[in-house]
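Asker: Here the protein sequences line up with chains V and G, keeping their order. When we follow numbering that gives the first Met the number 0, the leftmost residue of the first sequence carries the number 0, and every step to the right adds one. When we follow numbering that gives the first Met the number 0, the leftmost residue of the second sequence carries the number 0, and every step to the right adds one.
Just so you know, the hints here were simulated from the structure itself, not pulled from any lab data. Note that the structure is a prediction, hence the values are computed from the model and not measured. Heads up, the beta-carbon is just placed ideally off N, CA and C, and yes, glycines get one too. Accuracy of the hints is not assured; some may be wrong.
[Stated by the list, open to error] Below 27 Å or equal to it, Euclidean Cα-Cα: the simulated DSS-like pairs (lysine-lysine) are: (1) Lys139(V) / Lys608(G); (2) Lys508(G) / Lys608(G); (3) Lys320(G) / Lys306(G); (4) Lys115(V) / Lys608(G); (5) Lys85(V) / Lys306(G); (6) Lys85(V) / Lys139(V); (7) Lys331(G) / Lys387(G); (8) Lys255(G) / Lys423(G); (9) Lys247(G) / Lys195(G); (10) Lys139(V) / Lys568(G); (11) Lys255(G) / Lys139(V); (12) Lys306(G) / Lys573(G); (13) Lys542(G) / Lys650(G); (14) Lys195(G) / Lys164(G); (15) Lys574(G) / Lys560(G).
[To be verified] Listed next, the stretches of chain V that the computed footprint assigns to chain G, with coverage defined by at least 3 CB atoms under 8 Å from CB atoms of chain G: (16) 35-42; (17) 54-67; (18) 85-93; (19) 117-130; (20) 142-148.
One-letter residues, chain by chain:
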Amino acid sequence: MIEISVNGQVHRLDVEDDMPLLWVLRDELGMTGTKYGCGIGQCGACTVHVDGEAQRSCSLPVSAAAGTKITTIEGLSPDSSHAVQKAWIAEDVPQCGYCQSGQIMAAAAFLAANPKPTDADIDANLSNICRCGTYPRMRKAIHRAAALIVR
Amino acid sequence: MTHLAPLSRRFFITTGLSAAGGLVVGLALPGRADALPINAAPWTPAGDAKAAEVNAWILIEPDDSVIIRVAQSEMGEGIFTALPMIVAEELECDWTKVRAEYAEAHRNLVDGRPYQRMGTGGSGAVRRSREFLQQAGASARARLIAAAARQWGVAPAECAARDGKVTHTATKRVLGYGALASAAAKITLAQEPAIKTPDQFRLIGQPQARLDTALKVNGQAKFGIDMRLEGMVYAAVTTCPVFGGTVKHVDDSKVKGRRGIQQIVPIPGGVAVVADSFWRAKQAVADLVITWDEGAGAGTSSDQFRKEYRDALDGPAANAKRSGDVNAAMAKASKRIDALYEAPHVAHAAMEPLNATVHVQADRLDAWMGTQDPDGALQRAATAAGMKPEQVFIHNCFLGGGFGRRAVNDELTQAVIVAKAVGKPVKLVWTREEDMQHDRYRPQAAIRFKAGLGSDGMPVAWDMRTAVGSISRSLGRDPVTSGVEPSAVEGLANVPYAVANLNVDCILKNTHVPVMFWRSVGSSQNAFALESFVDEMAVAAGKDPYHFRRDLLAGKPDFLKVLDTLAEKGDWSKKQPAGKGRGIAIHESFGTIVGEIVEVAVSPKGEVKVERVVAVVDCGHVVNPRTVEMQIESAVIYGLTAALYGEITIKDGRVTESNFDGYEMVRFADAPVIETYLALSGGSKWGGIGEPGTPPIAPALCNAIFAATGKRIRSLPIKNQDLSGRA
């Protein structure tokens, strides 16, 4: 049995050690906000926080997540009140929306480490793929969220 | 509506940990959260409706809130906001109380096609449905007024509707729509009301926040891949890496007896592994040892196809358009220029891999998925299951991108076959690798132009010829006996430039690689070639590319307005420093003209950085300016990815790229600043917006690279070009 903590709740799981955290979240726990995009850590649709750091859950074996504190999009805030979510709503960022859970989780962890990022910081640190091309709006939203957090 | 029993609500309840450890977690029903403008699963749960249906498009609840049905698919283009705006404009309801949900393909089938054509494509949602959606809203409003007038015993003409209420003007009596809806549904109008003209719009044309945003920032929005049904199992698939191949033998000794593996099911050209989790199914499918009969496509390559398409340009062709006498004019021309352009296959690569969840019962089939063609999906599922179409229910979900790929649902056929074989609800998901290697791609093309310029430098003769895969033939829809497929020559046959002697020829040539609609279809590769060649003609004539286009567009005010606005907003007349360049392109597709200027920087090492894109749009009228802006940004970046990196390479008959590590995408660092401006011509024009931003971006970028480096790019993608030491 593997014990993991997701959004403050502890789950005991009888799964293979090498089952990626992504599939534990989606198929075992039924938390489908975290998305499958590539399975090889390339696109970032599966991004969650592991002890506050953005991690691509498709490439993280569940055994490696044991003993950590995992936060998914469902646990980022109870009511979409995280600064990044508020900024995303204000800028009307999502289009198809499929990558956005991962984008928001990546941006939230990024801002926690870089409270006042420049555009160059964004380019260098955020590499999730969005096929709808919401990058210009995400960029604006990240700056807006940074301002909300500082305030 | 239907004699079949609705799905029970309990059917939606899923268990969390039962497969893993016996701890059952009841998850919330995907029912309606009252604060949200759309259900997470965008349909009204069966038996849950407390709303009265005024017509097939409009339901009104007792609290005056309105549910507006949407027949097209929300795949990011904003249709879940734009189409309800059109209905609400006429309905005169309170926009803050509007929710959207999908219309049902089943009802469309059994109820006389109230939703007409439900497919989403050709940037046509607004263009094809605006008038009848306005009519649906106006009709409902007139009947709500009539219901109030009847209750008060006054003439309808004495009443007015606004903000979800009917008022008797003289006595100031007021009734909310919620109180009138049931009565209004029963009223027959002697005459349908006239719909508003654009000068009367109050909601259409005003920027509105998207109704689906709130669901897409917290993980609640349900995509097909997120569906979970009681007792559901999972399937992963593999099909012959060479298109058209079949399975000879499957050795499953490595996966037999493995935890969670339930069944191996043959599907067309491949197999599915069914397991109690998708990961277990996916692992097992990769560990099958399959001997394939690779079929006729084995041994082919992109290099071979490239030569074949080039060679085909010298062979017989069908004529798509002819005016004047090209040969005679060419013979008299002062100057001649020829050029060959080539475009590779590219993948759609939507973020959500293809998937479908199917439950087959004795007398009904339910499928949850994201489809661009619910009507077609319904027929497809019926055929695959051997059931009557009336027994099939397609529950469309949010689409994690479409771009044309979800117009033909191969994954649904597979899911139906597997669900029938296992006798349980099945969620079938393609891996990213399957999705990339079994796409239906943008056709490969070779396009050749020959032009003759007069003594003034302007073209007097223009011969165009394309050799390209036929989408209709690839889909088995139409043999195209004329030899001319409209989508193959779109952008060429309707060239806007005034050239007296013009010839457009079409050579349709398919390989075993399946081809299909890819955002902007023929205009994608054709605009790249055409607008690059126009630049070549301008250079040959010694003219400025903007002014050269301007002269050729004389007498076309819509084009000129876009072009002039573009030159102004895009700083066309301002000089660029060394190593930088500005390129321009303009193209009309799906009823909309888009002009784009790209500013590019090319480093001494040959690295290309797209710094700024300015787009000017004439789609006639705009429903939601905000989503127009978003769609231009989206179309530009989608087209940039293809121009810079997009290339599906065939070797030994199969696709070599398999995932995003070998199929690069524009990410934050590559994404330019994008500015969108409107230059609307109004009138009777209602153009599309999902695709028209894509065609101009590749040529505008290539023209900018030419301006910066002097190197003309005639073959995509740009990553294959050595630009080092050129800037």
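Asker: So, for every hint listed, does it hold in this structure?
Answerer: How the hints compare with the structure:
Of the pairs offered as hints, the one joining Lys139(V) and Lys608(G) holds, with about 20 Å between alpha carbons and a cut-off of 27 Å not exceeded. This hinted pair does not check out: Lys508(G) and Lys608(G) have alpha carbons roughly 35 Å apart, beyond 27 Å. Of the pairs offered as hints, the one joining Lys320(G) and Lys306(G) holds, with about 26 Å between alpha carbons and a cut-off of 27 Å not exceeded. Proposed proximity of Lys115(V) and Lys608(G) is supported: the alpha carbons are some 25 Å apart, at most 27 Å.
Of the supplied pair hints, the one linking Lys85(V) and Lys306(G) is violated, its CA atoms being roughly 53 Å apart against a limit of 27 Å. Restraint check: the Cα-Cα separation between Lys85(V) and Lys139(V) comes to about 12 Å, which is no more than 27 Å; the hinted pair holds. Simply put, Lys331(G) and Lys387(G) have alpha-carbon atoms about 64 Å apart, too far for the 27 Å limit, and the pair is violated. With a C-alpha separation of about 20 Å, the suggested pairing of Lys255(G) with Lys423(G) holds against the 27 Å cut-off.
About 63 Å separates the Cα atoms of Lys247(G) and Lys195(G), which puts this hinted pair outside 27 Å; it is violated. At roughly 21 Å between alpha-carbon atoms, Lys139(V) and Lys568(G) fall within 27 Å of each other, so this suggested pair holds. A distance of roughly 52 Å separates the Cα atoms of Lys255(G) and Lys139(V); the hinted pair therefore is violated under the 27 Å criterion. With a CA separation close to 41 Å, the supplied pair Lys306(G) and Lys573(G) exceeds the 27 Å bound.
Straight-line distance between C-alpha atoms of Lys542(G) and Lys650(G) comes to about 43 Å, which puts the hinted pair past the 27 Å bound. Restraint check for Lys195(G) and Lys164(G): satisfied, since their Cα atoms lie roughly 19 Å apart, inside the 27 Å limit. Restraint check: the Cα-Cα separation between Lys574(G) and Lys560(G) comes to about 23 Å, which is no more than 27 Å; the hinted pair holds. Three residues within the 8 Å Cβ limit are the bar, and the region 35-42 of chain V against chain G gives 7, so the coverage statement holds.
Closer than 8 Å: that is the beta-carbon criterion, and the region 54-67 of chain V has 0 residues meeting it against chain G, so the requirement of 3 is violated. With 5 residues bearing a CB less than 8 Å from a CB of chain G, the region 85-93 of chain V meets the requirement of three and the coverage assertion stands. A count of 9 residues in the region 117-130 of chain V with a Cβ less than 8 Å from any Cβ of chain G is obtained; the coverage claim is therefore met, three being the minimum. Residue count for the region 142-148 of chain V with a Cβ under 8 Å from a Cβ of chain G: 0. That is fewer than the three needed, and the coverage hint is violated.
When held up to the earlier numbered hints, the structure conflicts with 2, 5, 7, 9, 11, 12, 13, 17 and 20 and fits the remainder.
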